[in-house]
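*Asks:* Keeping their order, the protein sequence lines are chains A and B. Residue 269 is where the first sequence ends in this note's numbering, and the numbering goes up by one at each step. Residue 174 is where the second sequence ends in this note's numbering, and the numbering goes up by one at each step.
Hints listed in this document are in silico derivations from the structure and should not be mistaken for laboratory results. Just to be clear, a hint being listed does not mean it is correct.
Covered stretches of chain A, as calculated for chain B (at least 3 residues, CB under 8 Å) [said to hold, decoys possible]:
# : stretch
1 : 116-123
2 : 127-133
3 : 204-213
Chain B residues, not near chain A, derived (Cβ > 12 Å throughout) [claimed, not checked]:
# : residue
4 : Thr30
5 : Gly106
6 : Val165
Remember, predicted model here, so these are calculated numbers, not experimental data. All C-beta atoms, glycine included, are put in the ideal place defined by N, C-alpha and C.
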Amino acid sequence: MPLPYYVSPEQMMQDKAEYAKKGIAKGRSIIAIEYVNGILLVAENPSASLYKISEIYDSIAFAGAGKYSEFENLRKAGIRHADLKGFMYSREDVTARSLANGYSQSVGTIFSQEQKPLEVEILVVQVGHNGHANEMYRISFDGSIIDERTFAVIGGKAEAIQALLKEKGLTKPPDLREALSLCIASLEQIGSQKLSLESLEVAVLDRTREGRRFRRLSAADTKQLLAT
Amino acid sequence: MKLPFLPNHDDSSFFDFLTQHHPALTPTGRSGFLQAQASGEPMRGGGAMNVPHATTVLAIKYQQGVVIAGDRRATEGFQIAERRIEKVFKIDDYSAMAIAGAAGPCIEMAKLFQVELEHYEKLEGVQLSCEGKANKLGQMVKANLPMVFQGLVVMPLYVGYDVKRTEGRIFK
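Just chain A, with the same shape it has in the complex (with noise of 0.2 Å):
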């Protein structure tokens, strides 16, 4: 009978996070940051209906990058846990915190003990009200997860949009027509081309809402922002 081969745990992991690094670069780049009344969602995005930004509930946004049917089944799964903890308990009780470790363990399991690691990478983003502040975590796909401030940046070109925008020494949150031309550039800087209103996915999470605060910006609406 041959003997299986041997291989090393840490030889394991390592094919399977390079695997996954692979995969989420082939993707295209989402960037959230944080503006004066709440936090923009930008993703490149060519498809009108295939959405990578999405809302879970309230106050709280998803954005997935990578692998679209993966990251549409936490997505859904994310919604779920979240309906179900807001009709247990109260609308308040939902918060991004309980909902980004509830991924990190899902996504963590599935790296250590699955053929295959997911392809994904995520940010669960809660806009603060009442004082209180932002929250924004970046999920990655071996569970790892990462507490933003200011801006995340997720996706195939993650790192060097992240360091664009580290150059640019934000100290105070810009306003939202600010921080969307600065998104817009960043992504065309880093794509090095000219990118249509109608291939951007834009979303914000509006504290000056009430009740669900997340609300899609169409072509029109964000070009009518740019304009003002």
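Fit chain B to the known structure of chain A by using the hints.
*Replies:* Showing chain B alone in chain A's frame:
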């Protein structure tokens, strides 16, 4: 794959999700009812007839939409339990419902229905059609049938603005 955070479920209905994975949280999933059923004991409670009810809710269509209204009194036997109870609920941006029957289960159903529609909208990316919403509510009322035999009647009146037909609609 079984993980706490990824239940095997691919339905867009929150009500079905609760029924399958958390039956204790559904209005009909009470252990009391299940016990009574298991022991074969005839259900007590006197049936719907003994529950005094005098709620009136009504809805009227007008040109641009539909109005819904109800009285505000809640009673417990011959006593007034609450003078300003809420019987008309906003369900989402395009619909509302009013309730008549046992207050507890009624309010619970309204709340569940709100979550149901919001859940569907978030999962699918689009809202249910007006008729779809009414059908879903109908199914929920039907699922409540076992409770009706215990005297906990839920009678909703649902109104919605049908965006496609551009008119208000009333479902009873």
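*Asks:* Take the hints in turn and mark each one as holding or not.
*Replies:* Now for the hints, and whether the structure bears them out:
Chain B is given as covering the stretch 116-123 of chain A, and this holds because 5 residues of the stretch bring a CB closer than 8 Å to a CB of that chain, at least three being needed. Figure legend: the stretch 127-133 of chain A, annotated as covered by chain B; annotation consistent (3 residues with Cβ-Cβ distances under 8 Å, at least 3 required). Counting residues of the stretch 204-213 of chain A whose CB falls under 8 Å from any CB of chain B gives 0; the rule of at least 3 is not met. Under the 12 Å C-beta cut-off, the non-interface status given to Thr30 of chain B relative to chain A holds; the minimum distance is some 15 Å.
No Cβ of chain A comes within 12 Å of the Cβ of Gly106 of chain B; the nearest lies about 16 Å off, and the non-interface call holds. Consistency note on Val165 of chain B: stated as away from chain A, and its beta-carbon is indeed over 12 Å from all of that chain's, at 17 Å minimum.
Against the hints set out earlier in the document, a violation occurs for number 3 only.
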